[in-house]
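Novice: Below are the chains, spelled out letter by letter.
2 protein chains.
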Amino acid sequence: MEKQKIEVCYSPAMFPVYENHEAIVVVTDILRASSAIVTAFMNGVERIIPVGTLEEAKAYKDRGYMVAAERDGIVRDFADFGNSPYNFTPERVKGKHIVYSTTNGTNAIRLASSGSEVLIGAYLNISALAGHIRAAGKDLLILCAGWKNKFNLEDTLFAGALSQMVLREDHFYTICDATLGAMDLYDAASVDMMGYIEKVAQRHRLKMNNLDDVIGYCHKHDLTEMIPVLEKDYLTLR
Amino acid sequence: MEKQKIEVCYSPAMFPVYENHEAIVVVTDILRASSAIVTAFMNGVERIIPVGTLEEAKAYKDRGYMVAAERDGIVRDFADFGNSPYNFTPERVKGKHIVYSTTNGTNAIRLASSGSEVLIGAYLNISALAGHIRAAGKDLLILCAGWKNKFNLEDTLFAGALSQMVLREDHFYTICDATLGAMDLYDAASVDMMGYIEKVAQRHRLKMNNLDDVIGYCHKHDLTEMIPVLEKDYLTLR
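First to last, the sequence lines map onto chains F and A. Under our numbering, residues 17 to 254 are what the first sequence spells out, in order. Under our numbering, residues 17 to 254 are what the second sequence spells out, in order.
Think of the hints as simulated: they come from the structure by calculation, not from any bench. Please note that the accuracy of each hint is not assured.
The list cannot tell twin chains apart, which means a pair is met if one copy fits it or any two copies do.
[Said to hold, decoys possible] Heads up, simulated SDA-like pairs for lysine to any residue below, C-alpha to C-alpha not over 25 Å straight-line: (1) Lys248 x Phe188; (2) Lys223 x His113; (3) Lys223 x Lys248; (4) Lys112 x Glu35; (5) Lys166 x Ala217; (6) Lys215 x His187; (7) Lys215 x Arg184; (8) Lys112 x Met181; (9) Lys19 x Ala217; (10) Lys110 x Glu18; (11) Lys166 x Asn36; (12) Lys110 x Met210; (13) Lys74 x Gly211; (14) Lys154 x Arg108; (15) Lys74 x Ile191; (16) Lys215 x Ile191; (17) Lys166 x His187; (18) Lys21 x Thr69; (19) Lys236 x Asp88; (20) Lys166 x Val91; (21) Lys74 x Phe31; (22) Lys19 x His220.
Since this is a predicted model, take the numbers as computed values, not measurements.
Okay, chain F solo, but in the shape it has when bound (with noise of 0.2 Å):
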């Protein structure tokens, strides 16, 4: 049987190195959008559409619909919220198609969809999104939404998570650089990540503008077993 392998794209300036397109592409961006996006679809909402730019963000505004969008962590006022998990709230977005755009995460889902499957991972939906790749048999490319297209370490302890994770299985290997290294960055922060955490440039910004409320939340492992995967333009439930 063939094996498939496992990489870690650290940032989306790399991507087109490490471009699969017959791989399963994760992407994450742990601090906050991709743990956001799983929030919001366990709460009910019905899709959630990544948009690149604030442009496409109002121009969707203006045609009514809702929108999450913030820049450096802070809302745009003419949003109608921004991106803590904590603003995706049943009563919000229960059965809704909300409009999406953030620093990092969204602009990464776009790029990635050139995937045979773009999944949403988080710390929320580990050990569903491993039991779906190991099951799959295919190659799994995860990218790293990172901070401005540099690396940035809360992605990639979850790149090394998942992938310790999908590694149990036989069938899959990794020779990648990246993977091993996440890996290792991994068992080093585990023994105590939230003492970890405590120096990752994302939360100095996020403590800077009172938003590191969430920094526990989203390394919260398997709050639920649901998937967002991306179809067409928009997110839904796998």
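Given the coordinates of chain F, work out where chain A should sit on it, guided by the hints.
Specialist: Relative to chain F, chain A alone:
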């Protein structure tokens, strides 16, 4: 006193978002270009002219220059020799100007040329390098040559080692996740560096071509205090 920041860029593909005209940029390609360049200066080379393309290297050869050129670890037929540090013997290089083109390293050097000073870093000269950077009072940006724009472990580990040495000086700091990650990986690896290096992708590539004899040598610390520096379009000693 203003503090100086340290950043690490894991791939030439991400360089535009890390670029810093005020910084000393250290280019590293541990297996093998930066180790070979430092060795060449240890053995008396006068100048190394890094060129990006094989066409440029060939054009220099036609004008009578001695040329070291390889792609994917294989010496090009028009070249005098390839990329192993063992090729840069005193008999061959002493007093010479040598043109050099490699898969990853030489392009990274040219990319880095926007920095205030561009230095070549390897374990072979790591302490001298750290000493110079600590004394210079400028930001430090370490550019990992990577592998065809992908992340690699061996360059990242070196970046972690150098960052730790420079951070011992109080007036340096880092809030760069890539620097923090590199230092944590170096801590994990340095307990048994040769054991750790067993798993990196580049070791497998070198082994396939029987070129892995240099791996131990390329991880030796402080064989020299020489620091190659980019002047206009060639490397010389600073």
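Novice: Next, verify each hint and record whether it holds.
Specialist: So, going through the hints one by one against the coordinates:
In this assembly of identical chains, Lys248 and Phe188 lie within 25 Å of each other by CA distance neither inside one copy nor across copies; the values are 28 Å within and 48 Å between. Within a single copy, Lys223 and His113 get their C-alpha atoms no closer than 30 Å, and across copies no closer than 54 Å, so neither meets the 25 Å cut-off. Neither within a single protomer nor between protomers do Lys223 and Lys248 lie at most 25 Å apart by alpha-carbon distance, with minima of 35 Å and 44 Å respectively. When the C-alpha separation of Lys112 and Glu35 is checked against a cutoff of 25 Å, the pair qualifies neither within a copy, at 32 Å, nor between copies, at 42 Å.
Proximity of Lys166 to Ala217 under the C-alpha cut-off of 25 Å is found in both arrangements, the shortest distances being 11 Å within a copy and 23 Å between copies. With identical chains, the CA atoms of Lys215 and His187 are at most 25 Å apart between copies only, with a shortest distance of 19 Å across copies and 36 Å within one. In this homomeric assembly, Lys215 and Arg184 come within 25 Å of each other (Cα to Cα) only across copies, at 18 Å, whereas the closest approach inside a single copy is 30 Å. Neither within a single protomer nor between protomers do Lys112 and Met181 lie at most 25 Å apart by alpha-carbon distance, with minima of 33 Å and 53 Å respectively.
For a Cα distance limit of 25 Å, the shortest separation of Lys19 from Ala217 across copies, 17 Å, qualifies, whereas the shortest one inside one copy, 36 Å, does not. For a Cα distance limit of 25 Å, the shortest separation of Lys110 from Glu18 qualifies neither inside one copy, at 42 Å, nor across copies, at 51 Å. In this assembly of identical chains, Lys166 and Asn36 lie within 25 Å of each other by CA distance both inside one copy and across copies; the values are 21 Å within and 14 Å between. Taking CA atoms no more than 25 Å apart as the test, Lys110 paired with Met210 passes in neither setting, with 31 Å inside one copy and 55 Å between copies.
For the homomeric pair Lys74 and Gly211, neither the shortest alpha-carbon distance inside one copy (38 Å) nor that between copies (54 Å) is at most 25 Å. Within a single copy, Lys154 and Arg108 get their C-alpha atoms no closer than 36 Å, and across copies no closer than 50 Å, so neither meets the 25 Å cut-off. Within a single copy, Lys74 and Ile191 get their C-alpha atoms no closer than 43 Å, and across copies no closer than 33 Å, so neither meets the 25 Å cut-off. Proximity of Lys215 and Ile191 under a CA criterion of 25 Å is satisfied inter-copy only: 8 Å between copies versus 29 Å inside one chain copy.
Within a single copy, Lys166 and His187 get their C-alpha atoms only as close as 32 Å, which misses the 25 Å cut-off; across copies the closest is 24 Å, which meets it. In this assembly of identical chains, the alpha carbons of Lys21 and Thr69 never lie at most 25 Å apart, being 33 Å within a copy and 31 Å across copies at closest. For the identical chains of this complex, Lys236 and Asp88 are intra-copy neighbours only, at 23 Å inside a copy versus 43 Å across copies, given an alpha-carbon limit of 25 Å. In this homomeric assembly, Lys166 and Val91 come within 25 Å of each other (Cα to Cα) only inside a single copy, at 22 Å, whereas the closest approach across copies is 34 Å.
In this homomeric assembly, Lys74 and Phe31 never come within 25 Å of each other (Cα to Cα): the closest approach is 27 Å inside a single copy and 32 Å across copies. Proximity of Lys19 to His220 under the C-alpha cut-off of 25 Å is restricted to the inter-copy arrangement: shortest distance 18 Å between copies versus 41 Å within a copy.
Hints 1, 2, 3, 4, 8, 10, 12, 13, 14, 15, 18 and 21 from the earlier list are contradicted by this structure; the remaining hints agree with it.
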